[in-house]
Every structure is written in C-alpha cells, then in structure tokens.
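Those protein sequence lines, which keep their order, are chains A and B.
Here my numbering is used: position 132 in the first sequence is 258, and no number is missing along the way.
Here my numbering is used: position 5 in the second sequence is 13, and no number is missing along the way.
These are calculated hints, taken from the structure and not from any lab test.
Take these hints with a grain of salt, some might be off.
[Stated by the list, open to error] 16 Å max Cα-Cα, derived EDC-like pairs, lysine to aspartate or glutamate:
#1 B:61 / A:183
#2 B:19 / A:193
#3 B:48 / A:183
#4 B:15 / B:57
#5 B:61 / B:20
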Amino acid sequence: MTSATPASINDYLQALREALHTADPALVQDALYDAEQHLRAEIAARPNSAEHELLAEIVKSYGAPEEVAAAYLETESRVQAAMATPVSNRRQLPTPDQGTSKIGIWQRFFGVYGDVRSYTMLFYCLLSLFTGVFYFSFVAIGLSLSIGLAILIIGLPFFVLFIGAARPASACRGVQPPCPLIYRCYNASAECSKKSALGRHSPTKR
Amino acid sequence: MNDSHAKKFQKDLNAGLVALVLLAVLAATDEDAYGYDIAKRLQPPDGSEPLFKEGTIYPVLRSLSASGWLSSRIVPSYSGPPRRYYRITPEGRAVLADWLAAWAHTRNFVEHFTRAATQQRPSEGSTL
C-alpha cells in the first residue's frame, strides 16, 4: 500500500521518482515538476506550519507517491490508446521491419523533402539565429550598461531592472533559474510538452 | 460491504470524469488557472472528501493540453518552480459541450435504472 509520510518535499519527490522508475524519463520529469509546484504552492499558502507536519496533510489530499505515479502511468497509457492519430491519417513512414518491399528506396531516401516537418524545423533553425542575436544583445547591453552605470546613482536601479527583465525573458526562452532538482531537467520537459502530441515527451522521438 | 470494490468502482468512474470536470472548471472562468489553483477549486463546498486526489489532475491537464483543448503558458513563480497556467480553447469548449450532452444522456440513463432498483429493494425484502 502507501509508504510512510515523507519528511520533506525532496523525500516526496524521491519516492515519486522511485515509483516511476519504469516510466519514460520525460514523464518522470513532468510528474516531479507538477508535484514540486503543487507542494511548494501548498506550503507557501500556509507559511506558519512546519513542512513535515504539512506534508502529512498534503499527501492525503495530493495523493501518496504511489497513487500519483499510478495516475500518470494510467493517463499516459489511456491517452496513447484513445488519442493516437489514426493510422490512415498518419504519413506512411517506413519502419525497420517493413524493408523495401512496400516503400521504394527512392521514396525512403527523398521522403524527407516531402515532409512538412522538415521545413518547419528549417524555419525554426533560421528563427533561432534572430532570437539568439536578440538574447545575446540583451544580455551584453544589459550587463555592460549595469557595470558602466554602477558609478552613477542610476546604476543600481538599472541593474535591478535588467535582472527583473531577464527573468521573464529566460522563462520565455525556456531557461530556468538555478533551483533544486527539477529545474535542471525542466527545460527539456517544457520543450517536449509543446512538441508532443500525446503528452508524452521523448525528445528523441521527433 | 467490501470497501475495495467501492474504491475500484469509484476509480473507474473517475477515469473519464476528471477530464470533464477540469474542462468545466476552466470553462467557468475567464482567467488562466494553474494546477494548484484548479485543485483548490475542486474542493467540495460541504467539506467532504473530494472524488479524486489533487495529484491525479495534473496528468489529465497535460493530456488535455496536448490534445489542444487547453492552452498553457509558463509564468515564473517566487514560491517554487514556474507555474503552468491553463486556459480552455475554443476546441475545448466545443468538446466540453459534446461531453456535457453525453454526460446528461448517461446520467439520465443510469438514473432511470438505479432509481428503479432502489425503489424496488424494500418491496423485495417483504416478498421474500
């Protein structure tokens, strides 16, 4: 059944990670991210209580790690079965076991030129040049002006403004500020969530 | 009665209902809402135990979002990880309308037979 109440959020997340040890790594990241977001929000909502006392209460409402893990696994399998694109609508891509009998070798080789995703990815690569230039300019100008203006009275407010603007900009870019555990993986998770059609997030699959 | 049977039955019922309830909650508000906020809105007004654990709504929110029925955006938070805010899309509203019609039909159908069963039960005892 359910294990003992975790003593801290990190303990809870570790238990959740263990309960999901057979799952797709990206799914584990999503589950850990959701759990940490919820638990920290709950604790922030009740600042006067001790973390370990609150956790016992929270685990009751949020669910034990095993229950939550089961919900993710169940939802994933159900969603995959119910919402998968019908085969007839899917682009007929060759699978390794199909060989060359059904799809010609020329079609397999030149198929990439007819795939819309090739062009969207190309566009994204082009776009990343401009966004990269913008982010680089933003940081270079912001930092140099902050340091240059440090000797003046407006230096400090400018620096605060620059850091404040960098935060939403980094969130928009998908880069997270340094924080424990989840944040290191979060970027990949968020990107994959956007790309995945099923809520499952394996970066190597697309 | 066997409590585990009741729990399993409840779990089976919840499988489809969570998505319906989440779409309904998000359709009822014009604001974006994040997971914790949505979970708190699902608390029964009479203080009774909710039908499902708060942790079970997150994977459903993600799958609804992946289906295009919810849009999501990430907002930095000072109390923890960035929050993912959800909003129902026009497609989500259309799906919700279909689901509500299906739910009304199902509820009427089930109620018709369960009402008959509950009304019959006392008389059954007297005849035997």
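Inset, instruction - Measure nothing beyond the straight line between the CA atoms of residue 48 of chain B and residue 183 of chain A; if it is 16 Å or shorter, mark the hint as holding. - result: holds (14 Å)
- Is the straight-line distance between the alpha-carbon of residue 61 of chain B and that of residue 183 of chain A 16 Å or less? holds (12 Å)
Pairwise hint evaluation, residue 20 of chain B against residue 61 of chain B, where the allowed Cα distance is 16 Å at most:
holds (14 Å)
Requested in this report: Verify the proposed pairing of residue 15 of chain B with residue 57 of chain B, using a straight-line Cα cut of 16 Å.
Outcome: holds (13 Å)
Within 16 Å, alpha carbon to alpha carbon, are residue 19 of chain B and residue 193 of chain A? holds (11 Å)
In this structure, none of the earlier numbered hints is contradicted; all agree with it.
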